[in-house]
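A.B. asks: These protein sequence lines map, in sequence, to chains A and B. Numbered according to the UniProt record's numbering, the first sequence spans residues 1 to 317. Numbered according to the UniProt record's numbering, the second sequence spans residues 1 to 437.
In short, the hints are calculated from the structure, not lab data. One or more hints might be untrue.
Simulated DEER-style distance windows between Cβ atoms [what the hints assert, rightly or not]:
1) S91/A / P301/B: 35 to 43 Å
2) T138/A / P46/B: 23 to 31 Å
3) Q120/A / D240/B: 53 to 61 Å
4) A97/A / N164/B: 47 to 55 Å
5) P231/A / S45/B: 52 to 60 Å
6) V164/A / E47/B: 39 to 47 Å
7) E47/B / L122/A: 49 to 57 Å
8) V299/A / D322/B: 45 to 53 Å
9) V299/A / D431/B: 32 to 40 Å
10) W90/A / K80/B: 26 to 34 Å
11) K287/B / D177/A: 33 to 41 Å
12) A303/A / L283/B: 50 to 58 Å
13) A57/A / D323/B: 24 to 32 Å
Since the structure is predicted, the reported quantities are computational estimates derived from the model, not experimental observations. No residue lacks a Cβ here, since even glycine has one placed at the ideal position from N, Cα and C.
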Amino acid sequence: MAAPTHTAATAAPRRTPRGPLRVRRPRRHGSETLAAWLFLLPSLAGFLVFTAGPVIAAGVISLLDWNLFSPPRFIGLDNFARLGPDDTFWSALGNTAYFTFVSVPLTLLVSLGLALLLNQGLRRMAVFRSLLLLPYATITVAVAFVWVWLYIPHDGLINAVLGVFGIDGPAWLISDDWAMPALIVMSVWKSFGFGMVIFLAGLQAIPQQLYEAAKVDGASPWRTFREVTLPLLSPSVFFTVVTSIIGSFQVFDQALVMTDGGPGTSTTTLVMYIYRTGFENYEQGYAAAQSMVLFAFIVVITAAQFLLQRRLVHYDL
Amino acid sequence: MSASFSRRALLKGAALGGLATTGALSGCSSGPPPGAATWSMWSSSPEEQRVWTDFGHYVERRMHIRSASTLTPSDGYPTKLDLQLVSGTASMVTALNGWLIPTYASRGAHRPLDDLIAADPDFDLDDFYPAIRSISSFAGRTYAIGFDVAPTVLYYNKTLLERNGVDPPSPTEPMSWDTFRHLAIELSKPKDQYGFTCSPTIDDLVSWIYCAGGNVVDGDRDTSPLDAPEAMQAIHYVVDLFTKDRATPPIDNLVTQNASGAALANFLQGNVAFMQNGPWQVLNVRKASFEWDIVPFPAGPAGSRPRVSGSSFAIPSGVTGDDLDLAWRLLKTLTSTGALDIYARAGRNNPARLSAASAFEPPPANLGIVQRILKGEVAGGHPFDVTTNWNRVRLLLAQDLPRAFLGQKSAGDTIDGVMPRLNALMRQHRDAVRQAT
Numbered sequence: 001m002a003a004p005t006h007t008a009a010t011a012a013p014r015r016t017p018r019g020p021l022r023v024r025r026p027r028r029h030g031s032e033t034l035a036a037w038l039f040l041l042p043s044l045a046g047f048l049v050f051t052a053g054p055v056i057a058a059g060v061i062s063l064l065d066w067n068l069f070s071p072p073r074f075i076g077l078d079n080f081a082r083l084g085p086d087d088t089f090w091s092a093l094g095n096t097a098y099f100t101f102v103s104v105p106l107t108l109l110v111s112l113g114l115a116l117l118l119n120q121g122l123r124r125m126a127v128f129r130s131l132l133l134l135p136y137a138t139i140t141v142a143v144a145f146v147w148v149w150l151y152i153p154h155d156g157l158i159n160a161v162l163g164v165f166g167i168d169g170p171a172w173l174i175s176d177d178w179a180m181p182a183l184i185v186m187s188v189w190k191s192f193g194f195g196m197v198i199f200l201a202g203l204q205a206i207p208q209q210l211y212e213a214a215k216v217d218g219a220s221p222w223r224t225f226r227e228v229t230l231p232l233l234s235p236s237v238f239f240t241v242v243t244s245i246i247g248s249f250q251v252f253d254q255a256l257v258m259t260d261g262g263p264g265t266s267t268t269t270l271v272m273y274i275y276r277t278g279f280e281n282y283e284q285g286y287a288a289a290q291s292m293v294l295f296a297f298i299v300v301i302t303a304a305q306f307l308l309q310r311r312l313v314h315y316d317l
Numbered sequence: 001m002s003a004s005f006s007r008r009a010l011l012k013g014a015a016l017g018g019l020a021t022t023g024a025l026s027g028c029s030s031g032p033p034p035g036a037a038t039w040s041m042w043s044s045s046p047e048e049q050r051v052w053t054d055f056g057h058y059v060e061r062r063m064h065i066r067s068a069s070t071l072t073p074s075d076g077y078p079t080k081l082d083l084q085l086v087s088g089t090a091s092m093v094t095a096l097n098g099w100l101i102p103t104y105a106s107r108g109a110h111r112p113l114d115d116l117i118a119a120d121p122d123f124d125l126d127d128f129y130p131a132i133r134s135i136s137s138f139a140g141r142t143y144a145i146g147f148d149v150a151p152t153v154l155y156y157n158k159t160l161l162e163r164n165g166v167d168p169p170s171p172t173e174p175m176s177w178d179t180f181r182h183l184a185i186e187l188s189k190p191k192d193q194y195g196f197t198c199s200p201t202i203d204d205l206v207s208w209i210y211c212a213g214g215n216v217v218d219g220d221r222d223t224s225p226l227d228a229p230e231a232m233q234a235i236h237y238v239v240d241l242f243t244k245d246r247a248t249p250p251i252d253n254l255v256t257q258n259a260s261g262a263a264l265a266n267f268l269q270g271n272v273a274f275m276q277n278g279p280w281q282v283l284n285v286r287k288a289s290f291e292w293d294i295v296p297f298p299a300g301p302a303g304s305r306p307r308v309s310g311s312s313f314a315i316p317s318g319v320t321g322d323d324l325d326l327a328w329r330l331l332k333t334l335t336s337t338g339a340l341d342i343y344a345r346a347g348r349n350n351p352a353r354l355s356a357a358s359a360f361e362p363p364p365a366n367l368g369i370v371q372r373i374l375k376g377e378v379a380g381g382h383p384f385d386v387t388t389n390w391n392r393v394r395l396l397l398a399q400d401l402p403r404a405f406l407g408q409k410s411a412g413d414t415i416d417g418v419m420p421r422l423n424a425l426m427r428q429h430r431d432a433v434r435q436a437t
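All chains should be built: construct the whole structure from the sequences, respecting the hints.
C.D. replies: Right under this line is the structure:
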């Protein structure tokens, strides 16, 4: 390996008597720094105004008793204390977890399966890819309305098809047992296109030589998939898992349109409950406390995923 | 011309572009012209929009001032109004559905109007039906002035009844519950024809509860009387129509069935004999392809006392000074006999003023019973009793009641399960009333 060449921009680290290596920062021209800040400014402003600001505001509001119209009153952590005995909150959290931990793996499996199929070099692959991406590109509310129609117990298409096979289909969206699975099926159908595109891009980046080498070594298709495809696809899987879990924890629109959270609270998701607490029950402080808990859950789960990535995700080809 | 730019020129251009965009956006911010009479209202159809446009013209003719109305689809109206009230951008006069008046009044979002009414000799509150005056008041004070008011009535499909050899019900004598149930069962041939339709919600159930002598809210106690024998009799009666008698179209999904228009959609299909609904649906039912009319709501043990509901205009608390004077003049104009004539003549609903009542005209032939019920000449009505946290009561019951209507849980178990949470809400309501007074 050739010895590295030192330039002004890549100055050698200098060891100081007090501590470890100290890297001298490359000197930048003032106008370049200004340019960098100017180009970063819109994104930074957007982040501060639309992301960091509301998170901080929610944190502050969670300490208040505020019904929107009367002046807010500071009540410390009382809103968080209310969460403990609130059965609906825990039920909504359970429903959200159920939705997430069933729908995300299912979506990944379907996405991966379709991506592998499309990666076989089918003719008119672009057409298939576009068609399969359509559900993802369609507005959720519109899709949800169509699925409500498909799920109608008496005359719906799904039960009509099941009837052909002699199966008496359930009352999907109005059944305690079937409402959440019905939502999950719709959600998998709606979102597999996103994962499929990511996986397809990942699959196409894997060098063909590795497959040829595996073939020469006599590896079976399953072993090739396990030893070559899956490890090299792990960055795509990681990205899809992280984004899908975050998205699933925030599920709202399809449940609102398809079941309104019912029957009972069997499909009430956490975001739906937060919305109702804040804007239908006029309890902004309590809604903010709930959203802070949701935020904490998402941060913990995402952090855990990033810790796991060190062991499971391979970035080197 | 050279297409090359120096980096400095590019940066300068980007900065100038940003400034120009910011300036343009701020310049584009639109609002009502200064001094305009601003008012907000829900509007979900072109027909409704036409009525409010006519209201706007009427305001301009009468007040010689620019009318600036904000129209929002009814589903999104309360949320938009909340945000406008909080941000101080609400109109001078805002329309309110009657069941929300205690919610806003107890939170100080709208101002009481008693001082303005007392100081204005031109304004006659006695010209408004007592029911809408009750609905528009909270803790003994008037918070809004009504523009419509009406009792729930029973629509019936004349064609279907004739086809089945059933005489039309009396337009003056309400049917008894027994007669109604018998007819509903007789006229039901499931999958092809049904006897009755309503939504499985408290908004519709409450009329039956009032007719049985029950209520959801009791002013004297800290607990809800929803589990009292009177209310339970009504709940069992309606739930049985759904689950035992199979006299109603099956519930296919909870979202549309909970929406107010679901019963209307069932009725308009032409295979349902009776529908419980308000005269505000007359305009839509006129599109039906069959003969129909309305009759008083069936009489239970306490008589025919269905829910009477209405809507009103109110002034937000933030409106003060000269704006308050303008707001009061605008509110008076929007609820004047002339404006309500426009409203009633368009068939929107029964007007809140007695002097505008004659403008709400047939068809259907029996439409006049609406005013006779409000005057107590035929059957009767019961103003919709709500709490300051009715949103929460509604949501609680919206989650649990459908299970009874679907037969997943008995009516008794459903109400038993709801009562502790409902009573907690009632205590919260009492506290809110105490604090507000």
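A.B. asks: Compare the structure with each hint and give your call.
C.D. replies: Hints versus structure:
{"no.": "1", "hint": "S91/A / P301/B: 35 to 43 Å", "verdict": "holds, 37 Å"}
{"no.": "2", "hint": "T138/A / P46/B: 23 to 31 Å", "verdict": "holds, 27 Å"}
{"no.": "3", "hint": "Q120/A / D240/B: 53 to 61 Å", "verdict": "holds, 59 Å"}
{"no.": "4", "hint": "A97/A / N164/B: 47 to 55 Å", "verdict": "holds, 52 Å"}
{"no.": "5", "hint": "P231/A / S45/B: 52 to 60 Å", "verdict": "holds, 59 Å"}
{"no.": "6", "hint": "V164/A / E47/B: 39 to 47 Å", "verdict": "holds, 43 Å"}
{"no.": "7", "hint": "E47/B / L122/A: 49 to 57 Å", "verdict": "holds, 52 Å"}
{"no.": "8", "hint": "V299/A / D322/B: 45 to 53 Å", "verdict": "holds, 51 Å"}
{"no.": "9", "hint": "V299/A / D431/B: 32 to 40 Å", "verdict": "holds, 36 Å"}
{"no.": "10", "hint": "W90/A / K80/B: 26 to 34 Å", "verdict": "holds, 31 Å"}
{"no.": "11", "hint": "K287/B / D177/A: 33 to 41 Å", "verdict": "holds, 39 Å"}
{"no.": "12", "hint": "A303/A / L283/B: 50 to 58 Å", "verdict": "holds, 57 Å"}
{"no.": "13", "hint": "A57/A / D323/B: 24 to 32 Å", "verdict": "holds, 29 Å"}
Of the numbered hints stated above, none is contradicted by the structure.
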